[in-house]
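Chains as they are written, first to last, in the numbering used here: chain A, 1 to 301; chain B, 1 to 298.
Simulated from the structure, these hints should not be mistaken for laboratory data.
Heads up, the beta-carbon is just placed ideally off N, CA and C, and yes, glycines get one too.
Please note that the accuracy of each hint is not assured.
Per the computed footprint, the stretches of chain A lying under chain B, defined by three or more beta-carbons under 8 angstroms from a beta-carbon of chain B, are [to be verified]: (1) 53 to 66; (2) 74 to 82; (3) 110 to 119; (4) 130 to 138.
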Amino acid sequence: MSISTRSHAARRDARAALLFLAPAVLFLAAFVAYPLLTAGVLSFHSWDGVSPRQWTGLANYERLLGDRIFWGSLRNNVLVALTAIVFQVGVGMVIAYWLVRVVPRIKRFAMFVYVIPVVISEICIGLLWGFVYNPYFGLLNGFLNTVGLDELARGWLGDRSTAMPAVLVVMNLTYLGLYILLFVAAFENVDEAVYDAAAIDGAGHYRTFFSVSVPMVWSNVQATTLLAVVSSFKTFSLVYVLTRGGPNNATDVVSTYLFQAGFGNFEAGYASTIGFAQILLTAAVGVFVLGLMRRGKRGEA
Amino acid sequence: MTSSTIHVTRQHPTAVPGTTGRGRPRLSTGTAIVYLILAVHLTVVVFPFLWMAYSSLKSNKNFLASVWSLPTDPQWANYGKALGEGKLLVYAGNSLAVTAVSVALTVAIATAAGYAFVVYRTRWMPWVEVAMLVAMAIPAYVALVPLVATLRDAGLLDTRTGVVLPTVAFNLPVSVLIMRAFFSTVPRSLVEAARVDGASELRAFLRVMVPIARPAMFTTAIVNTIWVWNDFLFPLVLLNTPSKKTLPLGLTDYVGERVTDYPVLLAAILLAALGSFVVYAALQKHVIGGLTSGAIKQ
Numbered sequence: 001m002s003i004s005t006r007s008h009a010a011r012r013d014a015r016a017a018l019l020f021l022a023p024a025v026l027f028l029a030a031f032v033a034y035p036l037l038t039a040g041v042l043s044f045h046s047w048d049g050v051s052p053r054q055w056t057g058l059a060n061y062e063r064l065l066g067d068r069i070f071w072g073s074l075r076n077n078v079l080v081a082l083t084a085i086v087f088q089v090g091v092g093m094v095i096a097y098w099l100v101r102v103v104p105r106i107k108r109f110a111m112f113v114y115v116i117p118v119v120i121s122e123i124c125i126g127l128l129w130g131f132v133y134n135p136y137f138g139l140l141n142g143f144l145n146t147v148g149l150d151e152l153a154r155g156w157l158g159d160r161s162t163a164m165p166a167v168l169v170v171m172n173l174t175y176l177g178l179y180i181l182l183f184v185a186a187f188e189n190v191d192e193a194v195y196d197a198a199a200i201d202g203a204g205h206y207r208t209f210f211s212v213s214v215p216m217v218w219s220n221v222q223a224t225t226l227l228a229v230v231s232s233f234k235t236f237s238l239v240y241v242l243t244r245g246g247p248n249n250a251t252d253v254v255s256t257y258l259f260q261a262g263f264g265n266f267e268a269g270y271a272s273t274i275g276f277a278q279i280l281l282t283a284a285v286g287v288f289v290l291g292l293m294r295r296g297k298r299g300e301a
Numbered sequence: 001m002t003s004s005t006i007h008v009t010r011q012h013p014t015a016v017p018g019t020t021g022r023g024r025p026r027l028s029t030g031t032a033i034v035y036l037i038l039a040v041h042l043t044v045v046v047f048p049f050l051w052m053a054y055s056s057l058k059s060n061k062n063f064l065a066s067v068w069s070l071p072t073d074p075q076w077a078n079y080g081k082a083l084g085e086g087k088l089l090v091y092a093g094n095s096l097a098v099t100a101v102s103v104a105l106t107v108a109i110a111t112a113a114g115y116a117f118v119v120y121r122t123r124w125m126p127w128v129e130v131a132m133l134v135a136m137a138i139p140a141y142v143a144l145v146p147l148v149a150t151l152r153d154a155g156l157l158d159t160r161t162g163v164v165l166p167t168v169a170f171n172l173p174v175s176v177l178i179m180r181a182f183f184s185t186v187p188r189s190l191v192e193a194a195r196v197d198g199a200s201e202l203r204a205f206l207r208v209m210v211p212i213a214r215p216a217m218f219t220t221a222i223v224n225t226i227w228v229w230n231d232f233l234f235p236l237v238l239l240n241t242p243s244k245k246t247l248p249l250g251l252t253d254y255v256g257e258r259v260t261d262y263p264v265l266l267a268a269i270l271l272a273a274l275g276s277f278v279v280y281a282a283l284q285k286h287v288i289g290g291l292t293s294g295a296i297k298q
């Protein structure tokens with residue numbers, strides 16, 4: 001093939017590539033990149049969303065540094081992420097192992113049930129759990145009364161000390177199914193011969209799980225942990241529908257606080273600052289978690 | 001990760017759920033404990049739904065008198081009330097329209113892009129890929145304030161089109177990666193044959209590749225359907241007129257308005273959840289496949 005035809009082919013490739021990618025690039029540029037950059041610009045402004053905006057320099061960022069509600073909401077996001085790593089990735093892995101290796105007979109049925117909350121809208125799930133936690137006719141209080149623990153009954157979502165744990169329980173129960181699903185798929189990909197080797201070694205399920213299964217799917221553990229962290233910082237709907245971030249911002253996550261600032265208080269500039277700071281922090285956490293896992297892996301090998 | 005790893009780990013003496021070692025058929029204590037734990041857990045997961053189903057048939061008086069009891073005299077009229085007063089069919093229609101258009105656009109655009117990533121090698125391609133990966137980690141709410149301003153300027157605020165556009169954009173990266181993963185499994189020779197055949201690039205794609213890619217496109221469509229049908233954030237911020245609202249958004253309005261007749265509320269929640277459940281039950285394999293590939297790629 002002569003050089004000229006090759007460069008001709010390259011040019012043809014480039015033109016075709018442009019044609020096939022153009023729609024995707026345009027959509028991402030217009031509705032992801034552009035709003036994001038605009039948010040960056042807005043974060044240095046004071047703006048109510050309608051009237052002309054005013055440049056205020058770093059004032060929004062200074063306010064953010066001293067904003068206890070923002071840091072509280074960020075702490076809640078971190079709580080969501082940490083509980084997700086333990087109760088979704090961790091527990092999901094154990095349950096998936098049980099379903100694949102210990103009680104395969106109920107695997108299909110159990111997976112069917114676990115995935116139900118994942119496919120139903122978070123709004124329906126949240127409204128339903130509102131009934132569970134209701135102070136007057138809630139299922140949870142009803143249960144406590146039945147078993148004689150009346151004094152524990154309360155308005156779970158209205159009480160500052162129980163609201164966030166109550167939200168976390170709903171979140172982890174709801175999304176766990178996704179992680180069970182992912183780990184069932186991962187464990188089923190592990191070569192049966194590896195388990196045979198472990199069995200010959202006389203390894204029980206406990207050792208097989210930690211020395212065979214988990215190391216074999218370590219790349220999935222990393223990917224799902226990253227997924228759990230990223231999703232935790234995206235979370236909005238369940239918190240919104242359960243508590244709107246209340247009582248007294250006790251359950252606010254960054255998304256609900258941003259929503260309140262931007263569309264409740266009409267502080268569009270400050271809302272952009274919250275969002276922009278959030279991206280930077282998410283990136284930092286993501287890099288940190290990935291680094292930790294790399295190290296964990298090395299330490300184990 | 002072979003036997004050498006196993007030897008290094010220290011022995012753990014305590015019996016752990018299901019420690020049967022090699023023996024399979026005997027129901028050991030461990031396996032029994034696993035069954036028990038899973039039974040309790042599955043009950044916790046499924047009971048709220050069952051409770052919702054039977055409580056939705058109670059009268060309000062009956063419901064308030066006892067939360068646990070089964071309905072003595074099923075009030076099927078609750079469902080009629082929920083449908084009528086809740087305008088659930090209007091909302092469901094909007095959800096259907098937004099979902100259908102968003103999913104069709106996303107799948108079409110993602111298929112073309114996923115194909116391009118695998119087939120063409122240009123110098124700027126890796127940059128587009130990195131941009132896609134970065135976009136996946138970005139929470140949609142960060143873009144909300146500017147999006148509202150942009151859509152307002154374009155006259156698209158409070159329209160269903162205005163919901164579709166950012167929805168497609170934010171669901172594209174994962175969808176493109178699913179399609180790319182599929183096209184990378186197509187034998188290179190088949191792609192080359194289609195292109196050399198004298199057909200134009202576009203024709204090779206439409207005539208040869210799209211038919212082969214149908215299963216992957218279906219998977220992408222399924223995950224997107226779940227995401228868009230259930231999405232709440234964009235409709236909440238971008239829609240205001242009741243007759244344009246999607247199902248999750250309309251449902252929260254209805255719940256807000258109507259605080260007294262709880263069984264009717266439960267009926268409305270159940271109806272709103274029913275669509276997703278029926279699709280899931282009917283297409284379980286595809287839904288699970290779609291969720292798996294949609295999540296792993298992140």
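Results for each hint:
With 0 residues carrying a beta carbon less than 8 angstroms from a beta carbon of chain B, the region 53 to 66 of chain A misses the three-residue requirement, and the given coverage is violated. Counting residues of the region 74 to 82 of chain A whose C-beta sits closer than 8 angstroms to any C-beta of chain B gives 0, which falls short of three, so the coverage hint is violated. With a threshold of 8 angstroms between beta carbons, the proposed coverage of the region 110 to 119 of chain A by chain B holds, since 10 of its residues qualify and at least three are required. Only when three residues or more bring their CB closer than 8 angstroms to a CB of chain B does the claim for the region 130 to 138 of chain A stand; here the count is 4, and the claim holds.
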